[in-house]
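A.B. asks: The sequence shown: position 111 = 111 (this note's numbering), numbered continuously.
Since the hints were derived computationally from the structure, they do not count as laboratory data. Hints are supplied without guarantee of correctness; some may be wrong.
What the hints assert, rightly or not - Using C-beta positions, here's what the derived DEER-type ranges look like:
(1) G40 to D135: 22 to 28 Å
(2) R137 to R76: 29 to 35 Å
(3) T119 to S94: 22 to 28 Å
(4) P130 to T75: 32 to 38 Å
(5) T81 to T58: 19 to 25 Å
(6) D30 to G59: 17 to 23 Å
We put the beta carbon where it would ideally sit given N, CA and C, even for glycine.
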Amino acid sequence: MRILVPTLATLLALCACEATPENPAATVTDAVVKLPPVPGRPGAAYFTIRANRETRLTGISSPAAQRIELHESVTRGNMMTMRPIADVPVTLGSSVVFAPGGKHAMLFDISPTVQPGGTMRLTLTFDGLPPVSVDARVEGFGAEHADH
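Generate coordinates for the entire structure from the input sequences, incorporating the hints supplied.
C.D. replies: In structure tokens, the structure reads:
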């Protein structure tokens with residue numbers, strides 16, 4: 001009996017972490033694509049990730065972009081620069097936020113059919129989890145200042 005109770009507790013805990021349609025392995029929310037101010041330049045994607053187990057975001061793809069890279073902004077002295085990153089850890093119980101001035105995805109060669117007010121399909125790939133697809137809202141450059 002002493003062995004049975006801890007074993008049952010462990011099994012129940014493992015079952016609680018299993019992905020289901022009601023409890024997906026990872027979720028992506030608040031996805032937005034910002035189009036570049038100059039056509040032909042890269043755009044950016046921002047979003048929030050949560051996962052029900054430890055994982056790593058290993059990449060992003062889209063049928064509407066030739067290439068997507070994970071990047072992060074870093075400050076050196078009083079200068080901000082960007083650098084590519086290979087993957088991003090996602091820890092259980094916390095959110096990973098991709099936002100201006102921090103982690104973000106750079107979208108290269110975006111299709112001209114992608115327009116402000118529409119959506120762009122992004123598929124995020126994770127280590128050991130199924131991919132997650134999301135329709136990101138598309139905004140033009142400077143959309144956050146449109147009401148000013």
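A.B. asks: Quick check on a hinted range of 19 to 25 Å for T81 and T58, using CB atoms only.
C.D. replies: 23 Å, holds
A.B. asks: Within 29 to 35 Å or not, the Cβ separation of R137 and R76?
C.D. replies: 32 Å, holds
A.B. asks: Using the Cβ atoms, figure out if D30 sits within 17 to 23 Å of G59.
C.D. replies: 20 Å, holds
A.B. asks: P130 and T75, beta-carbon distance inside 32 to 38 Å?
C.D. replies: 35 Å, holds
A.B. asks: Could you check the hint for me, namely that T119 and S94 are 22 to 28 Å apart, CB to CB?
C.D. replies: Holds - the Cβ-Cβ distance for T119 and S94, about 27 Å, lies within 22 to 28 Å.
A.B. asks: Using the beta carbons of G40 and D135, state whether their distance is inside 22 to 28 Å or not.
C.D. replies: 24 Å, holds
In this structure, none of the earlier numbered hints is contradicted; all agree with it.
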